[in-house]
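All chains should be built: construct the whole structure from the sequences, respecting the hints.
Protein chains: 2
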Amino acid sequence: MAKQQLHIVKIGGNIINDEVALGSFLKDFSALEGPKLLVHGGGKRANEISEAMGLQPKMIAGRRVTDEATLEVVTMVYAGLLNKKITAQLQKLNCNALGLSGADANCILAHKRIVVEVDYGFAGDVDAINAEFIKVLLENKVTPVFCAITHDKNGQLLNTNADTIASEIAIAMSDFYEVALNYVFELKGVLENIADKNSVIPHINLKKYEQLIEDGIISEGMIPKLHNCFNALKRGVQKVNIGDASLIKNTNNLYTELSIK
Amino acid sequence: MAKQQLHIVKIGGNIINDEVALGSFLKDFSALEGPKLLVHGGGKRANEISEAMGLQPKMIAGRRVTDEATLEVVTMVYAGLLNKKITAQLQKLNCNALGLSGADANCILAHKRIVVEVDYGFAGDVDAINAEFIKVLLENKVTPVFCAITHDKNGQLLNTNADTIASEIAIAMSDFYEVALNYVFELKGVLENIADKNSVIPHINLKKYEQLIEDGIISEGMIPKLHNCFNALKRGVQKVNIGDASLIKNTNNLYTELSIK
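Protein sequences appear in the order of chains A and B. Residues 74 to 334 in this note's numbering are what the first sequence spells out, letter by letter. Residues 74 to 334 in this note's numbering are what the second sequence spells out, letter by letter.
Just so you know, the hints here were simulated from the structure itself, not pulled from any lab data. Keep in mind it's a predicted model, so treat the numbers as computed, not measured. Any given hint could turn out to be false.
Pairs involving identical chains hold if they fit within one copy or between any two copies, as the list cannot separate such chains.
Said to hold, decoys possible - Here are the simulated lysine to any residue pairs, SDA-like style, with alpha carbons at most 25 Å apart:
| hint | residue 1 | residue 2 |
| --- | --- | --- |
| 1 | K117 | L144 |
| 2 | K100 | G228 |
| 3 | K165 | L144 |
| 4 | K100 | G86 |
| 5 | K76 | N213 |
| 6 | K165 | L182 |
| 7 | K117 | L128 |
| 8 | K214 | D248 |
| 9 | K117 | E141 |
Laid out in structure tokens, this is it:
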């Protein structure tokens, strides 16, 4: 029997920061048919609240350093404020959302990142996904909504990259479903020319990906994002696309599709 | 066939505020055999964070007035920080906890309290419990951990009394289980004499309850708490006890047991 399709969508800070954009996205998301799952990143609210509380966000090479006070703030903002607001809005749209962190039902087991050159503090690297339980939720018509907080099953919560969480969940769920993984971000796709927002590369395979890195067209933040995409494809995920919020609309025809071959 | 027993335990701010007491309680809670469910209140962390953010907690007659900024703080602190910390700690203790607000899977539907004399702002009164879904979780060996945030299924989160949530969940679950509802608070039970912490009234039935109110022995905060207890007993909950953290230990023999007759 053919596997059923599962839509996994990851949204980043640019949508979360904009109430109108978020509302519009959630409407489109709730309209997706069949089983679906959402992963959301953080957004600027964590920084605002950190600052209001007198903490200074620490970043090294574009990544947040999570000290104990910062971990409290991101746990509050990601798992509390954002996750529950998104869940309540999806419930209004008759999408039976359930907000989760990785600690909940041991959905995402991680370990504290090992210090090599940089100490990222309470940053988590994913070890395992509780795919069986996520399947139970999906079979009960529940839409899991994950924030980017995980745990180590030793009582420690950990701040984790949301792109990686989406990719790891997609890989784990591909045992049971044909998974379509969609990364929604601020651009229409991977761009040929960063100055031209419409210069979307419609299709990138593994060979082209390596060429694009070599040519300097893909750089910085796009490298880990695309690394997550190809990791998912290599490990059983059926489809991976990158684009803006219109990605999950049937009418959209400008986005980047990724494939191994 | 006899119904299986379900333990529902509600803990309040006094335990949540004390890391050692919370750790000790969670160890006892995780040792309870069979299906179980935890409801937790808020504690002083919400006030501390409100103050750090320059908000002044507003109270009328001992109840928090929830304006929009306060709702954000309690959503962050209750559903985010406290709920996920408790969940991660239970996971460490091999209790497969899953933290929930009322918005998650539409577990607790509420409406914004109607303004009569006092406007409590975004305070929620409970309308319905999604007992079928909570049963799915319990049957999958998951322990639900509820914070006191609900929603109106119209996108609005609401701050709700945790005692009432525990009582409403207990009532709804009594369709499927023999429910034992335990209210854990700072005292050993309902006291005959507030100055003597050991003057626990071991047993209160409905008639005695009315007498105790008339005599002024039960007053203020204890009245709504006991009202929730008797409401639960009237509507199908098997056992209701009130006591301190030792309540859920088999060795405890000082607490208040409530009954209709």
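Each hint, compared with the structure:
In this assembly of identical chains, K117 and L144 lie within 25 Å of each other by CA distance both inside one copy and across copies; the values are 15 Å within and 19 Å between. For the identical chains of this complex, K100 and G228 are inter-copy neighbours only, at 12 Å across copies versus 36 Å inside a copy, given an alpha-carbon limit of 25 Å. Taking CA atoms no more than 25 Å apart as the test, K165 paired with L144 passes between copies only; the shortest distance there is 18 Å, against 30 Å inside one copy. In this homomeric assembly, K100 and G86 come within 25 Å of each other (Cα to Cα) only inside a single copy, at 18 Å, whereas the closest approach across copies is 37 Å.
Taking the shortest alpha-carbon separations for K76 and N213, both the intra-copy value of 17 Å and the inter-copy value of 23 Å come in at or below 25 Å. Taking identical chains as interchangeable, the C-alpha atoms of K165 and L182 lie at most 25 Å apart only when they sit on different chains, with a minimum of 11 Å there against 30 Å within one chain. For a Cα distance limit of 25 Å, the shortest separation of K117 from L128 qualifies both inside one copy, at 14 Å, and across copies, at 20 Å. Within a single copy, K214 and D248 get their C-alpha atoms as close as 19 Å, and across copies as close as 22 Å, so both meet the 25 Å cut-off.
Proximity of K117 and E141 under a CA criterion of 25 Å is satisfied in both settings, with 19 Å inside one chain copy and 19 Å between copies.
When each numbered hint is compared with the structure, no violation occurs for any of them.
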